Amino acid sequence: MKIEVKELTHQYPSGDIALSGINTVFEGIEPIAIIGQNGAGKTTFVKHLNGLLRPTCGEILIDGESIKNHTTAFWSRKIGYVFQNPDNQLFLESVKKEFEFGPKQQGVSKEEINERLKVVADLVGLTEKLSIHPFDLNTTEKKFCTIGSILMMNPEMIILDEPTCGQDLEGNRRLTRIITALKENNQLCITITHDMKFVVKNFDQIIVMSEGKILKKATKEVIFSSPEILQASSVSPPPITRVGQALALERSVFSQQDFHQEFENKKQAIRIFR
Amino acid sequence: MFIDTLIESIDFSYRYNEAPEAALKGITLEVKKGDFVAIVGANGAGKSTLCSALAGLIPNYFIGYTEGVIKIDGKKTTECGVGELSQTVGLVFQNPFNQLSYTADTVSEELAFGLGNRGLPKEIMLEKINNVAETVQINDLLDRNPLELSGGQVQRVALAAAIILEPKVLVLDECTTQLDPIGSEQIMKTVKRLNQNGMTIIMVDHDMEKVAGLANRVIVLQDGKLVLNDSPENVFSNPKIVEYGIAAPDYYELTKDYALNSVILTEEQAIKKLEEVLADEN
Chain A
1 MKIEVKELTH
11 QYPSGDIALS
21 GINTVFEGIE
31 PIAIIGQNGA
41 GKTTFVKHLN
51 GLLRPTCGEI
61 LIDGESIKNH
71 TTAFWSRKIG
81 YVFQNPDNQL
91 FLESVKKEFE
101 FGPKQQGVSK
111 EEINERLKVV
121 ADLVGLTEKL
131 SIHPFDLNTT
141 EKKFCTIGSI
151 LMMNPEMIIL
161 DEPTCGQDLE
171 GNRRLTRIIT
181 ALKENNQLCI
191 TITHDMKFVV
201 KNFDQIIVMS
211 EGKILKKATK
221 EVIFSSPEIL
231 QASSVSPPPI
241 TRVGQALALE
251 RSVFSQQDFH
261 QEFENKKQAI
271 RIFR
Chain B
1 MFIDTLIESI
11 DFSYRYNEAP
21 EAALKGITLE
31 VKKGDFVAIV
41 GANGAGKSTL
51 CSALAGLIPN
61 YFIGYTEGVI
71 KIDGKKTTEC
81 GVGELSQTVG
91 LVFQNPFNQL
101 SYTADTVSEE
111 LAFGLGNRGL
121 PKEIMLEKIN
131 NVAETVQIND
141 LLDRNPLELS
151 GGQVQRVALA
161 AAIILEPKVL
171 VLDECTTQLD
181 PIGSEQIMKT
191 VKRLNQNGMT
201 IIMVDHDMEK
211 VAGLANRVIV
221 LQDGKLVLND
231 SPENVFSNPK
241 IVEYGIAAPD
251 YYELTKDYAL
261 NSVILTEEQA
271 IKKLEEVLAD
281 EN
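These protein sequence lines map, in sequence, to chains A and B. The working numbering applies: residue 1 is where the first sequence begins, and numbers increase by one. The working numbering applies: residue 1 is where the second sequence begins, and numbers increase by one.
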């Protein structure tokens, strides 16, 4: 799947210009994180990728075809969007029914739905809660319920809007498993998040947004070594990276293991040159 | 540190209506005036339920079964209404949209809601609104409809709506999850300043670097039980925290091999210690 975004501008009815002349291309299966300050336009931007919002100006091509040619329901089969607030997405009386709804609408066979249900419920950790009303789940379980309902539709691309909100250690590990599984299944995953520890653990490619524009699309090494980009987007590197930078380690570090390795290298270099 | 007890929980248990198991089991703790207490634990451990109990919403608002006692400023929560308790404790909800009054057309009106209930004159209300808007940096949102704001913006409004009532205790239930990193830091600086000016803070958060940098006490919950209640240094250097579903701050993990006689929990301390290690190589 290839999505081309050309000069995308979006103005809300209130007159606020949320997006201004965005140009980018999504292709391949390498997971991408979108980061940036509140109000930068991140959610507005991704809602254009399956037609939930329509451009005021500019255009979006999906595999060469204009998004204008079809309804949101049509594009949702290819590109799934998981809402930031799960309460905006859940509407049925059990987790199982939420999971079955999408593929039923797509005409997927009962056998295939049952097969997907087992895999997806296990992946999102809700196997034991299929009969529960989604509104009786806690906030993070609701989030996994909404993710599961989109995974059930098996889209070519999935957008997760702030899935890390309120997640504990185990929740973040589960999200990592989901992002990894999507890549293994040749599905592109785009994730909006403010959790920079999560970003550096799960994504090599990052888009930074600010004031309705894409400031930079690059690797995490480039992004987190660009103070001017970070400052303009109200983002700060994760703790380990910041400590590594303060100590002027040879390369950017994103994990404890990386840090200890680079720190030992620096100690050794000092010993050699003293 | 003051010694006055503001909140006291004595063997308090709570089960939600129709829930098979209690969400809180025999919680005993004290929160003293001036404390900055962090409540941590895995999801489902009972953190938000404890926040509701410590703010008096349990048992006054949520239906369920309670045992034991919680006293807020000396008054049993079972014997006071939410209105009376809210004079002492302000709660900022995990989902900020749950906090909106849904009666206000503008953020200013939203912030005036609680003040109006207290019968304050308009001039004082306006002054307080402008001051709190400055504090949480929402001056540019005052004329906007709260329902048209982003999640991060509503979190700031929810915090402002609680602060404006100047409670003795502010309970923050994951109040910065939708804010960008710099915005979250700004809000936490504001909360720290409020604490330094005498406001008691109880905060739930999953960001252990943030918790370690702010709290003077950390309470760990697991399956509704209080399993640790100690200084950040003692909690985060306790290997059992892994079983409770939490991780020590990265600053501790980066420095523990070098700081044998101390527990390092902040970025500044970590950099200083590691610079010393490098200097010793020279």
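Incorrect hints may appear among the rest.
[Unchecked claim] 27 Å max Cα-Cα, derived BS3-like pairs, lysine-lysine:
no. : chain 1 : residue 1 : chain 2 : residue 2
1   : A       : LYS129    : B       : LYS25
2   : A       : LYS2      : A       : LYS267
3   : B       : LYS272    : A       : LYS267
4   : B       : LYS192    : B       : LYS273
5   : A       : LYS6      : A       : LYS213
6   : B       : LYS192    : A       : LYS266
7   : B       : LYS192    : B       : LYS71
8   : A       : LYS6      : A       : LYS96
9   : B       : LYS33     : A       : LYS201
10  : B       : LYS240    : A       : LYS197
11  : A       : LYS201    : B       : LYS273
12  : B       : LYS33     : B       : LYS210
[As the list claims (entries may be wrong)] From chain B, some residues computed to sit far from chain A (all C-beta separations above 12 Å):
no. : residue
13  : ASP4
14  : TYR16
15  : GLU30
16  : ASN195
17  : LEU260
18  : LEU278
[Unchecked claim] Ranges between beta-carbon positions, derived for each pair:
no. : chain 1 : residue 1 : chain 2 : residue 2 : range
19  : A       : ILE29     : B       : LEU120    : 52 to 60 Å
20  : A       : GLU7      : B       : GLU134    : 34 to 42 Å
21  : A       : ILE17     : B       : GLU281    : 51 to 59 Å
22  : A       : ALA248    : B       : GLU243    : 35 to 43 Å
FYI, nobody ran anything at the bench for these hints, they're computed from the structure. Here the structure is a predicted model, which means the values were calculated and not measured. Ideal Cβ placement from N, Cα and C applies to all residues, glycine included.
Quick rundown of the hints versus the structure:
1. A:LYS129 with B:LYS25: Holds. LYS129 (chain A) to LYS25 (chain B) sits at ~23 Å (cutoff 27 Å).
2. A:LYS2 with A:LYS267: violated (46 Å)
3. B:LYS272 with A:LYS267: holds (15 Å)
4. B:LYS192 with B:LYS273: holds (25 Å)
5. A:LYS6 with A:LYS213: Within the cut-off at roughly 12 Å; holds.
6. B:LYS192 with A:LYS266: violated (36 Å)
7. B:LYS192 with B:LYS71: holds (25 Å)
8. A:LYS6 with A:LYS96: Given that 27 Å is the threshold and the Cα spacing comes to 39 Å, the pair is violated.
9. B:LYS33 with A:LYS201: violated (40 Å)
10. B:LYS240 with A:LYS197: holds (23 Å)
11. A:LYS201 with B:LYS273: Distance of about 25 Å is within 27 Å: holds.
12. B:LYS33 with B:LYS210: holds (21 Å)
13. ASP4: holds (32 Å)
14. TYR16: violated (10 Å)
15. GLU30: At about 26 Å from chain A, GLU30 (chain B) clears the 12 Å cut-off, so the statement holds.
16. ASN195: Non-interface label on ASN195 (chain B) holds, nearest chain A Cβ at 22 Å vs cutoff 12 Å.
17. LEU260: Since the minimum Cβ distance to chain A is about 17 Å, LEU260 (chain B) lies beyond 12 Å and the statement holds.
18. LEU278: violated (6 Å)
19. A:ILE29 with B:LEU120: 52 to 60 Å: holds (58 Å)
20. A:GLU7 with B:GLU134: 34 to 42 Å: holds (38 Å)
21. A:ILE17 with B:GLU281: 51 to 59 Å: Since the Cβ atoms of ILE17 (chain A) and GLU281 (chain B) sit about 54 Å apart, the hinted range of 51 to 59 Å holds.
22. A:ALA248 with B:GLU243: 35 to 43 Å: Since ALA248 (chain A) and GLU243 (chain B) have Cβ atoms about 37 Å apart, the given range 35 to 43 Å holds.
Of the numbered hints given earlier, the model fails hints 2, 6, 8, 9, 14, 18; all others are met.
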